[in-house]
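S.K.: Sequence:
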Amino acid sequence: MQPNCHAEERLALLQFKDSFMINKSASINPYPKVSSWTLNDCCSWDGVECDEHTGHVIGLDLSRSCLYGSFDSNSSLFRLLQLQKLNLAYNHFNYSQIPFRVAHFLRLAYLDLSHSVFSGRIPQSLANLSFLTDLRLDNCALYEEFPTTIFYLPNLQHLSIGDNQDITGSIPPSVSNLTQLNFLDLPDNTFTGHIPSSLSNLTQLTYLGLSNNHLEGALPIPAPSTKRYGIEHNSLKGEISPLICNVSSLEELLLFDNNLSGTLPRCLGNFSSSLSVFDLGGNNFYGPIPKTWAKGSSLRMIDLSQNQLQGQLPKSLANCTMLEYLHVGTNQINDTFPFWLGTLPQLKLLVLRSNEFYGVIRNPETNHAFPMLRIIDISHNDFSGNLPSGYFQHWTAMKTFESTTQLTYMQASFSGEGWDSQFSYSFTITNRGKELNYYTIQDTLSAVDLSSNRFEGKIPEEIGNLKALHLLNLSNNDLTGQIPPPLGTGKHDRARISGPL
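Just so we're aligned, residue 1 is where the sequence shown starts under full-length UniProt numbering, counting upward by one.
There could be a bad hint or two in this list.
Claimed, not checked - Pairwise CB distance ranges (calculated):
1. Pro364 x Asp420: 35 to 41 Å
2. His104 x Gln346: 49 to 55 Å
3. Phe401 x Ser73: 44 to 50 Å
4. Tyr286 x Asn246: 55 to 61 Å
5. Ser241 x Lys434: 36 to 42 Å
6. Pro486 x Thr321: 30 to 36 Å
7. Gly238 x Asp420: 48 to 54 Å
8. Ser298 x Ser19: 47 to 53 Å
9. Asn363 x Pro173: 57 to 63 Å
10. Ser424 x Lys467: 46 to 52 Å
11. Asp46 x His104: 24 to 30 Å
12. Cys267 x Lys434: 38 to 44 Å
13. Gln124 x Gly311: 52 to 58 Å
What the hints assert, rightly or not - No farther apart than 30 Å at their CA atoms in a straight line, the calculated lysine-lysine pairs in the DSBU-like style are these:
14. Lys467 x Lys399
15. Lys315 x Lys399
16. Lys85 x Lys17
17. Lys315 x Lys295
18. Lys85 x Lys24
19. Lys291 x Lys315
20. Lys85 x Lys33
21. Lys458 x Lys434
22. Lys467 x Lys434
23. Lys237 x Lys291
24. Lys458 x Lys399
FYI, nobody ran anything at the bench for these hints, they're computed from the structure. All C-beta atoms in this analysis are idealised placements derived from N, C-alpha and C, irrespective of residue type, glycine included.
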C-alpha cells in the first residue's frame, strides 16, 4: 500500500496553489487541476505523483491549470526536494523570470515551462541538472544569450526553446556531446553562426528544427536517423551534397528561403521511400529538376518554387501517386502543359505560374483528369489557344461546396518518439492585382488563375459548373463573352472574377 504524502509537502503544494489566481483565460484548453485539491492525501490530487515507496512528491503536472500570477525563487514549490518531473506549461506567470532555484531540484529529469508567459534570461544554473532528459522552454518571451553549458547535459534527449525571438547565441560544436538527443527544436529565435557539422554524429536524433534564425554557412548532412530536417528561413549558402541521399529515414526536408545554390543532386527524387514533404523553394538552384522520381514514393508535397530551375518537368513525377501539392512557380521551366499529372489521384494544388510553359492545352483524354484538384495557377506563362473546357467539366472537387462545421486544412502530419509535427501547405495567388498570401489553406478553398497568357476565344460555359470557386482570374488574355452563371451572377458572391477580360 502506497504511503500518504508528507505533511510538509502537502502544505508546500497548498501554499503554491494559494499564491496564484485561478483564471481560465490564462490557459488554452483550461483544466484547473488545483481546484480539486481538497483531500488530506496530496498523493491522490490531480497532477501530483508520489513515490510509491516513500510517499514523497516526485512529479507535478499543472499544465493548462489556469494559474495566473508571479512565480519566483521564494515559492513554496522549492520545498519539494524530491521532484523529478515539473510541468507548468500553458499558464500565465506574468512575465516572471524563470526562478534560479529550479536548478535546486537535483533529481529533475523533465522540465516544461513552455507557453507560460515567463520572460528574461535562461538561468545558467539549469546546466547543473545532470539528470535532465527533457527541457521545454518554447514561447516564453526569453531573451539574451542561450547558455551553451546546457549543451553539455549528458542525458538530454529533448531540447525545445522555439519561438522566443530574442534568444541569441550560436550552436556550439559541443552539441555533439548530447549523444542521447533525439529532438532539437530551436526555431524563431536569433541564433547566428554556422550549423556545426558535428550534428551528424548524433545517432539518436530524429527531429531537427532550426527555422527562422540567422544561421549561415554550409548545409550540414543530417544525422542518419533524422526524420525531420527543418532549416527554412535562414541564410545558408552553397550546394546540397549528394551525401544527403544517404539519409533514407527523412520524412520532411525543409530548406525553403535560404541562399542555397547549384544544381540539385540527381538522387533527390528517389533516395527515401519515406520522404513526404520536400520543400526547396526560395533559393538559387539552377539546372534541371531531377529526372527520376521512384514508384512507391510517399511524397505528398513538392515545392521547388522561386529558383532558377530549367528544362522540362520530369514525367516520372506521375509515379508520386500520394502527391497532394506541387509548386514549381517562378522558375525557367520550358515545357508544354503537364497533362500527365492528371493521373495523380490525390493532387489538390498545382502551381506552374511565372515560367516558360507554352502551347495549347488540349482537352483531357479521360473523364477523370485531376479528380481532386482544388487550386490551379498557371498564370504568367505562354499558353495559347482556347480555354480547355474539358478540364472545367471534370474538375469535380471544384463543383460542390462542402458544408462543414469544423475547419480543416491542407497539411501533412508526422510523428516520432515523443513528438508530433504538422506541416501546413501555403501558397500565393493574385486577385485584383494584389497578391494574397495563404499561410494555411482550408480544405474547401478553390481557386483558378489562368491570367497573363495568350488564351483566346469565347469563355466556355463549362466554367460555370465550378460552383465552389472562391477565386477565378482570367485577366490579361484575349477572351470574349461573359462569365457563365452561376459564377457570373451577383448571387454567387464567393467567386471573384479578377481583372479585365
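S.K.: Which numbered hints turn out to be false for this structure?
M.R.: Of the numbered hints, 3, 4, 7 and 10 do not hold.
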